[in-house]
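There are 2 protein chains.
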Amino acid sequence: MREVFEVRDQDGAGRVGELTVPRADATVRTPALLPVVNPNLPTVDPSRLPEFGAQALITNSYIIHGNEGLRERALDEGLHEMLGFDGPIMTDSGSFQLAEYGEIDVDTPEILRFQRDVGADVGTPVDIPTPPDADRETAARELRETTDRLAVAEETDTGEMLVTAPVQGSTHPDLRTEAARDAYATDLDVFPVGAVVPLLNDYRYDDVVEAVAAAKRGLGADAPVHLFGAGHPMTFALAAAAGCDLFDSAAYALYARDGRYLTVRGTKHLDDLTEFPCACPVCTSHAPDDLRAADEDERTRLLAEHNLNASFAEIRRVREAIVEGRLFDLVEARARGHPRLLDGYRALLDHADWLEASDPASKDTFFYLSAESARRPEVARHRDRLARLVVPDELCLDATGTRDDAWPVVPPFGPVPPALRETYPVNAETPRRVDGDAQVAAARGVAALAAAHPDAALTLVHDGWPARALAALPDAVTVEEQDS
Amino acid sequence: MREVFEVRDQDGAGRVGELTVPRADATVRTPALLPVVNPNLPTVDPSRLPEFGAQALITNSYIIHGNEGLRERALDEGLHEMLGFDGPIMTDSGSFQLAEYGEIDVDTPEILRFQRDVGADVGTPVDIPTPPDADRETAARELRETTDRLAVAEETDTGEMLVTAPVQGSTHPDLRTEAARDAYATDLDVFPVGAVVPLLNDYRYDDVVEAVAAAKRGLGADAPVHLFGAGHPMTFALAAAAGCDLFDSAAYALYARDGRYLTVRGTKHLDDLTEFPCACPVCTSHAPDDLRAADEDERTRLLAEHNLNASFAEIRRVREAIVEGRLFDLVEARARGHPRLLDGYRALLDHADWLEASDPASKDTFFYLSAESARRPEVARHRDRLARLVVPDELCLDATGTRDDAWPVVPPFGPVPPALRETYPVNAETPRRVDGDAQVAAARGVAALAAAHPDAALTLVHDGWPARALAALPDAVTVEEQDS
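Protein chains in written order, with this note's numbering: chain B, 840 to 1323; chain E, 840 to 1323.
Since the hints were made in silico from the structure, they are not lab data. Source: prediction; values computed, not measured. One or more of the hints may lead you astray.
No copy labels: a pair is met if it fits in one copy or bridges any two.
[Unchecked claim] Straight line, CA to CA, 20 Å or less: simulated SDA-like cross-link-like pairs of lysine to any residue:
{"hint": "1", "residue 1": "Lys1202", "residue 2": "Arg1224"}
{"hint": "2", "residue 1": "Lys1107", "residue 2": "Ala1133"}
{"hint": "3", "residue 1": "Lys1202", "residue 2": "Glu1114"}
{"hint": "4", "residue 1": "Lys1107", "residue 2": "Val1162"}
{"hint": "5", "residue 1": "Lys1202", "residue 2": "Val1318"}
{"hint": "6", "residue 1": "Lys1202", "residue 2": "Thr1262"}
{"hint": "7", "residue 1": "Lys1202", "residue 2": "Thr1113"}
{"hint": "8", "residue 1": "Lys1107", "residue 2": "Arg1165"}
{"hint": "9", "residue 1": "Lys1202", "residue 2": "His1108"}
{"hint": "10", "residue 1": "Lys1107", "residue 2": "Thr1204"}
Construct all of the structure, not just a fragment, from the sequences and the given hints.
Below is the structure:
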């Protein structure tokens, strides 16, 4: 067991946990968002970040190391005093600059020792962030280099500082899984899924989910996972549902400088807003015209404050949804922020088997909220369960809701023994207007029951199921249609 | 034209408008939420309501009329001074009490004159709020009584006060439409869709949409429509998309007294919250534990303030979405708050023909966000447009995205002439992971093109469309499958 991370609540692959940061003598409740503080240009004073809900922050040790004034101050005062922030400080290493500019002038032992010396609470080695779509050979070669550097990091004296073990592998899921296994085998502490920023910038949320899911398959449940560079609140619920615990955001500040306004349903530009579609203190005490009339520093600061408010409210919403067992419901809503987020959710549901393995057996009421709900892990689990049930020799399965002597067929789950009707998840709230995907899923449940009980005589009574649902039924099931 | 209401922006049946209230010398930007102020027990001081975004409020003239102390004060000081609120004040008449308790002791002329005398800016006659599921005969008989009372209201001297003309009809759509036509034929000003509270309480959002759509079909575009008793922010986007302009809410206060916390995704109870999933000033400066520890008045007031913040932020979000032409996207997200809201959205899409009639021809990018998006009015409109296009004698329709010499087939729209490819709505953002409903809708587009051009030789090339999409194609279309 990794002692620095404890999972408290679980929902699908999402979890609320507690990351212990020994050097800061603090714990961080996850999923957590770490605002990125640019040591040259803090948009919001770091001492104020806790007001918004920040428990920890992240800054770039490479920038500090490369600037004589900052370096001397950091070594002299320590990062906490320099930034005016008491909580845990994570430092990045320059890997991002390596990816952007092709080279940097520090190596892993040097930057880790520097991070330790300036008082960082979580440090980062210099890994190689292989970009998406790299050919397999390049990705594998660079991954070997990253793995070597993690070994160097393990050997470096970092004191009480936690050290991250970035997981690379570009868009090759098997390499990500292998990288994750190797990283997890070290004694390093926190596991960033690296080099996803280009995917996030291109709205390739399905590929982000694939990268995270592949990494998660190589990590133990006690591994805290950081999605490096994910700072837009529209992505938090989906990324948390894929099993990410930590996010970092420069977006709140970078977007503010460009007049951009973050919401959980996407980005808006101040120039286009008539009213502020938000309840935060900035938006309830200002109108867009006020900000447009303000001087640039004031406008940037207020937009950054809104962006932080919107981001931390979403982080709290994600944590609360996990505690309540309603994370999928939140993802359903967020997937409607952009068609590519829907792609991300659809990609996540491709991993229903894996999600099911960590999903609690009982949660708050299952809500059927879209055709995608038919693919939730709870539906697959019910289907598996059907195979283990004892059934009578002759059994009527009733999809019409009118027969007392039958097992009800509940879309999207399928047949339900009457004794289980009021248990999770089949006591679901479902729409009165049922869709074909729910009926197809229910038909698959019937098929699963039939396959596990070849000797039972099963009759399905339905009231107008579509052809594709009927096509999912095996020949062994007798089908009767009843007028609705 | 009704001069008191002007539509400024339109999106589907939703609109941003301006309601002029002559007696208050004020205008109200719609959709607007009018907090209900209980004259006996104001939870939040009415003078503070503008802080939250309230432009107008509603109070119950029947309660004031029935209480000697309040009645004398109201007649003496006027409602505005008595409540400490400068903006427009709408008054209800006791119809709700009539529905709840079976009788009241005022009639329409008396209560309208009283409302006028206490300075109400918008008054309400005593209509008969027939509950849902009433038999047709009862609903029709009570409707005749309501219609008679509207005639009485027209004859009553109400001065500059606007007067509402409630639209009843229970759950009989044809009666609602008839009631709306009759109401619209009067010279009354504002049109509440009445007696929907029992539907809202039972989460029968599809029936609410049916009632509103039926009423709207009988009203002109210049009729401001009030959804009486709709005060939960989870319903605003859907109701606005159905064409409602005004909402009123006692929920903010009633729920607060019961420890309930409103969100756009449903109601939570303070006892169950670990953190506040909200960015409002109450939620960013308090934790749930703080409120649980507060005394009851303080707790109720703070919860009511949160409820107002959450409600008015959603109202601004709805208005902003209409201005941007993105109201359907917001409804897509909100429909994922509860399966019954999805029913409401599905019911609304049953009226795509009617929505299409008022939907602007060009808006911001169409987002495909769920199988429901395939039923949006823009999809139906594109299909109609296909029938009017000139096509070559031989035409290849390409659903694979690989052929330059063909018309692309864009799910959910169908075939698109290359010259229109970059125009609204077919320049849509769609998921990379296409679903069957989008393909079926596209196949219907192909069928529409074929039906309108029986002499053209059409070939469809697809890469793995499901059987149900292929089944939607007419025999006249040659189908080729290409490996993807």
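Status of each hint after checking the structure:
Taking the shortest alpha-carbon separations for Lys1202 and Arg1224, only the intra-copy value of 17 Å comes in at or below 20 Å, while the best inter-copy value is 48 Å. In this assembly of identical chains, the alpha carbons of Lys1107 and Ala1133 lie at most 20 Å apart only when taken from the same copy (18 Å versus 38 Å across copies). Only between protomers do Lys1202 and Glu1114 lie at most 20 Å apart by alpha-carbon distance; the minimum there is 19 Å, versus 38 Å within a single protomer. Only between protomers do Lys1107 and Val1162 lie at most 20 Å apart by alpha-carbon distance; the minimum there is 13 Å, versus 30 Å within a single protomer.
Proximity of Lys1202 to Val1318 under the C-alpha cut-off of 20 Å is found in neither arrangement, the shortest distances being 33 Å within a copy and 47 Å between copies. In this homomeric assembly, Lys1202 and Thr1262 come within 20 Å of each other (Cα to Cα) only inside a single copy, at 10 Å, whereas the closest approach across copies is 45 Å. Taking the shortest alpha-carbon separations for Lys1202 and Thr1113, only the inter-copy value of 17 Å comes in at or below 20 Å, while the best intra-copy value is 41 Å. For the homomeric pair Lys1107 and Arg1165, the shortest alpha-carbon distance between copies (12 Å) is at most 20 Å, but the shortest distance inside one copy (27 Å) is not.
Proximity of Lys1202 to His1108 under the C-alpha cut-off of 20 Å is restricted to the inter-copy arrangement: shortest distance 17 Å between copies versus 39 Å within a copy. In this assembly of identical chains, Lys1107 and Thr1204 lie within 20 Å of each other by CA distance solely across copies; the values are 14 Å between and 34 Å within a copy.
Going through the hint list in order, the structure does not satisfy hint 5, though it satisfies all others.
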